Amino acid sequence: MSHATPTVVSSVQELYEFACSGPLVEKLGLTPKIIAVVKMKSATISIDDFYLTVEDQAELQEENSGNALLEGLVLSIFVNFCLHYLRGNAGSHDLHLSVETLMDLCRLTKEGMKMKLSRYNKSAFGGRGDRSDPSTWPEVEGPLAPILFEGWCLVLNPLKWK
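This note's numbering runs 1439 ahead of the 1-based position in the sequence shown.
For the record, the hints were derived by calculation from the structure and aren't laboratory data. What you are looking at is a predicted structure, and each value in this text was computed from that prediction instead of being measured. Some hints could be false.
Straight-line distance between alpha carbons at most 25 Å, and here's what the computed BS3-like set of lysine-lysine pairs gives [said to hold, decoys possible]:
(1) LYS1480 x LYS1599
(2) LYS1599 x LYS1478
(3) LYS1553 x LYS1599
(4) LYS1599 x LYS1549
(5) LYS1478 x LYS1549
(6) LYS1478 x LYS1561
With beta-carbon atoms standing in for the labels, derived distance ranges [said to hold, decoys possible]:
(7) PRO1573 x LYS1599: 19 to 29 Å
(8) HIS1535 x PRO1577: 14 to 24 Å
(9) SER1504 x GLU1550: 45 to 55 Å
(10) MET1479 x VAL1538: 20 to 30 Å
(11) LYS1553 x LYS1599: 24 to 34 Å
(12) TRP1600 x PHE1564: 32 to 42 Å
(13) GLU1539 x GLU1494: 13 to 23 Å
Glycine included, each C-beta is placed from N, C-alpha and C at the ideal position.
With these hints in hand, go ahead and build the complete structure from the sequences.
Here it is as C-alpha cells:
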C-alpha cells in the first residue's frame, strides 16, 4: 500500500448530513445522546478510528526514515509520552478504510441494512495504539439520518501537489 497516494472523496448528497469538526458537533447539539432522544438512527465515527494498524505504523516509519513527522518525533511538548509514536500525524491514517467506511455508511439506505464501524484502541501496545479486533466493533443499522464524523483535522485543506 502506498501511503502517499492521494485519495479523492466525492461529496455526500441527498439524505445524509455530515457534521464535521470535533468540538463543533456538541456545540451544534448533534450528540449521540440527543440523536437517540429524537429516535434517529445514526452513526458516530472519529478520524481516530482510521489510524493505521500498529504494524502499518511501524512500516510507515521504516519507509520514511529521516521524516521527523512520520517517525513520531515532532509532537507537542505537552505530549511527551508520545515522542516515539506517529499516531495522529498526517499520513498516519488508513485512507482506504476511511473512504470505504464513509461510502458504505452512505449506502445504508434501507431498513435492516447493517455494517460494523472500525474502532481504534489507543491504549494497546502501551499507549502506541492499534485497531481494535473487528469482533468488538459496534454495528449500525440503516437507514441513517445523521452521520456524526468528528476529527480536528477534517477541515484542513491539503497543500497543492508540485
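Hints, verified against the model:
1. LYS1480 x LYS1599: Not OK: LYS1480 and LYS1599 at ~38 Å, beyond 25 Å, violated.
2. LYS1599 x LYS1478: violated (42 Å)
3. LYS1553 x LYS1599: violated (37 Å)
4. LYS1599 x LYS1549: Answer violated: LYS1599 to LYS1549 is near 39 Å, above 25 Å.
5. LYS1478 x LYS1549: holds (16 Å)
6. LYS1478 x LYS1561: violated (30 Å)
7. PRO1573 x LYS1599: 19 to 29 Å: Violated - the Cβ-Cβ distance for PRO1573 and LYS1599, about 37 Å, lies outside 19 to 29 Å.
8. HIS1535 x PRO1577: 14 to 24 Å: Between HIS1535 and PRO1577, where Cβ atoms are some 21 Å apart, the hint holds.
9. SER1504 x GLU1550: 45 to 55 Å: holds (51 Å)
10. MET1479 x VAL1538: 20 to 30 Å: Hint holds: Cβ distance 24 Å, inside 20 to 30 Å.
11. LYS1553 x LYS1599: 24 to 34 Å: violated (40 Å)
12. TRP1600 x PHE1564: 32 to 42 Å: holds (33 Å)
13. GLU1539 x GLU1494: 13 to 23 Å: Roughly 19 Å apart at Cβ, these two residues keep to the hinted range, so it holds.
Against the hints set out earlier in the document, violations occur for numbers 1, 2, 3, 4, 6, 7, 11.
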